[in-house]
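Okay, here's what each chain looks like letter by letter:
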Amino acid sequence: MNIDNLIENALDKVQSILPNAQLEYQYKPVSETHFIKITPRYLIDLEEIGEIEEQISDELDKLHPEQMFCFITEGSLVEIENPSRIVDPIRRNPYIEVLDILTVDSQVDDLRIEVVDSKFYQPDFEFLLTENAGNRQYAMAA
Amino acid sequence: MSFLLDKSKQNKEAFFYLMDKSVNAAAVHCCYYSCVQKIIYILEEWYTEEYEAGIASLKGGKGNMHKMYIDLISEKVSKNKSEQRSLRRKLIELKSARLEVGTIKM
Chain A
61 MNIDNLIENA LDKVQSILPN AQLEYQYKPV SETHFIKITP RYLIDLEEIG
111 EIEEQISDEL DKLHPEQMFC FITEGSLVEI ENPSRIVDPI RRNPYIEVLD
161 ILTVDSQVDD LRIEVVDSKF YQPDFEFLLT ENAGNRQYAM AA
Chain B
67 MSFLLDKSKQ NKEAFFYLMD KSVNAAAVHC CYYSCVQKII YILEEWYTEE
117 YEAGIASLKG GKGNMHKMYI DLISEKVSKN KSEQRSLRRK LIELKSARLE
167 VGTIKM
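Protein sequence lines, in the order shown, are assigned to chains A and B.
Each step along the first sequence adds one to the number in the working numbering, with nothing skipped, and position 43 is 103.
Each step along the second sequence adds one to the number in the working numbering, with nothing skipped, and position 20 is 86.
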């Protein structure tokens, strides 16, 4: 496997887990680091993403032990200025996305929906809020 | 206080001073080296065998000493995988940001 295959493999794996994420890849020669930016921000903390990062880092060690691989997200210290690969989100059923998020947030007593990146979710939330919100007060921080 | 910890502390103070003066490129260098000096101190003191083995594995071969510091400290800092990954990512970002003077964000 060469480095291009390895990066394609990483992008494919992330996209299969996060079909709604936007991915941007850039290699930074100055720090000898391969960065993949995952947007929106909260997706980077998923366990599966951490596992992919470890697998790719291990493979990279075999190919180029001096180089590093790292996932970043919005607000990171490093910017992706000239991505050599961009993977756009594949939209799935928007209701499933909303339900996934609601399941997580319903663990919190004071139910609060925080939209991390309005580019991906706001239209669906707007529909949900007008149709299904009932008397609950939802706060949106887009 | 050890020589390395003292240097780390001085670099941390320099980071805040330079940030206040908006001397961002130099500030990020101080921030990074403050972390690296503290990492080396911790590894030398508490994880001596692994640290020396890591250094030895780089001699004469391909490799990156700072990468070794980052990988080893991330592994040792917590038993929690998520915390290990989080620290590793932050250190890699800082390492790279220090070299990208034109794009430093403060």
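It is possible that part of the hints are untrue.
Every beta carbon over 12 Å from chain B, so not counted as near; a handful from chain A, in silico [to be verified]: (1) Ile63; (2) Ile67; (3) Gln75; (4) Ile104; (5) Glu119; (6) Met128; (7) Phe129; (8) Thr133; (9) Ser144; (10) Ile150.
Here are the simulated lysine-lysine pairs, BS3-like style, with alpha carbons at most 27 Å apart [stated by the list, open to error]: (11) A:Lys73 with B:Lys156; (12) B:Lys142 with B:Lys125; (13) B:Lys73 with B:Lys87; (14) B:Lys125 with A:Lys88; (15) B:Lys156 with A:Lys88; (16) B:Lys87 with B:Lys145; (17) B:Lys75 with B:Lys104; (18) B:Lys147 with A:Lys88; (19) B:Lys145 with A:Lys88; (20) B:Lys75 with A:Lys122; (21) A:Lys122 with B:Lys156; (22) B:Lys78 with A:Lys122; (23) B:Lys147 with A:Lys122; (24) B:Lys145 with A:Lys73; (25) A:Lys122 with B:Lys73; (26) A:Lys73 with B:Lys147; (27) B:Lys104 with B:Lys87; (28) B:Lys78 with B:Lys104.
Quick caveat, the hints were computed from the structure, so don't treat them as lab data.
Just so it is clear, the structure is predicted and the values come from calculations on it, not from any experiment.
The C-beta atom is built at its ideal place from N, Cα and C for all residues, glycine as well.
Outcome of the hint check:
Interface exclusion of A:Ile63 from chain B stands, the closest Cβ pair being 14 Å apart, more than 12 Å. At the 12 Å boundary, the C-beta of A:Ile67 stays outside the reach of chain B, the nearest C-beta of that chain being 16 Å off. With 12 Å as the threshold on Cβ separation, the claim that A:Gln75 sits away from chain B holds: the shortest Cβ distance comes to roughly 20 Å. Here A:Ile104 does not stay apart from chain B, with its beta-carbon only about 8 Å from theirs, under the 12 Å limit.
Chain B leaves A:Glu119 outside its interface by the beta-carbon criterion, the shortest separation being 15 Å against a cut-off of 12 Å. Distance check for A:Met128 against chain B: the nearest CB is about 6 Å away, which does not clear 12 Å, and the non-interface claim fails. A beta-carbon of chain B comes within 12 Å of the beta-carbon of A:Phe129; the shortest separation is about 9 Å. Distance check for A:Thr133 against chain B: the nearest CB is about 9 Å away, which does not clear 12 Å, and the non-interface claim fails.
Consistency note on A:Ser144: stated as away from chain B, and its beta-carbon is indeed over 12 Å from all of that chain's, at 16 Å minimum. Distance check for A:Ile150 against chain B: the nearest CB is about 25 Å away, which clears 12 Å, and the non-interface claim stands. Restraint check for A:Lys73 and B:Lys156: satisfied, since their Cα atoms lie roughly 22 Å apart, inside the 27 Å limit. Straight-line distance between C-alpha atoms of B:Lys142 and B:Lys125 comes to about 22 Å, which keeps the hinted pair within the 27 Å bound.
This hinted pair checks out: B:Lys73 and B:Lys87 have alpha carbons roughly 21 Å apart, not beyond 27 Å. For the given pair, B:Lys125 sits about 24 Å from A:Lys88 by alpha-carbon distance, which is consistent with the 27 Å threshold. For a cut-off of 27 Å, the pair hint linking B:Lys156 to A:Lys88 stands: about 16 Å separates their Cα positions. About 38 Å separates the Cα atoms of B:Lys87 and B:Lys145, which puts this hinted pair outside 27 Å; it is violated.
A hinted pair counts as satisfied when its Cα atoms are at most 27 Å apart, and B:Lys75 with B:Lys104 qualifies at roughly 9 Å. Distance restraint check for B:Lys147 and A:Lys88: the Cα-Cα separation of roughly 26 Å lies within the 27 Å cut-off, and the hinted pair is therefore satisfied. Of the pairs offered as hints, the one joining B:Lys145 and A:Lys88 is violated, with about 30 Å between alpha carbons and a cut-off of 27 Å exceeded. In summary, the hint linking B:Lys75 to A:Lys122 is not supported, as the alpha carbons are separated by about 36 Å, beyond the 27 Å threshold.
For the proposed pair A:Lys122 and B:Lys156, the alpha carbon gap of about 23 Å is at most 27 Å, so the pair holds. Distance restraint check for B:Lys78 and A:Lys122: the Cα-Cα separation of roughly 35 Å exceeds the 27 Å cut-off, and the hinted pair is therefore not satisfied. In summary, the hint linking B:Lys147 to A:Lys122 is supported, as the alpha carbons are separated by about 22 Å, within the 27 Å threshold. This hinted pair checks out: B:Lys145 and A:Lys73 have alpha carbons roughly 26 Å apart, not beyond 27 Å.
Among the hinted pairs, A:Lys122 with B:Lys73 is inconsistent with the structure: their alpha-carbon atoms are about 34 Å apart, more than 27 Å. For a cut-off of 27 Å, the pair hint linking A:Lys73 to B:Lys147 stands: about 20 Å separates their Cα positions. Proximity of B:Lys104 to B:Lys87 is assessed by CA-CA distance (about 24 Å); at most 27 Å being required, the pair is judged to hold. The hinted pair formed by B:Lys78 and B:Lys104 meets the criterion: a straight-line CA distance of about 10 Å does not exceed 27 Å.
Going through the hint list in order, the structure does not satisfy hints 4, 6, 7, 8, 16, 19, 20, 22, 25.
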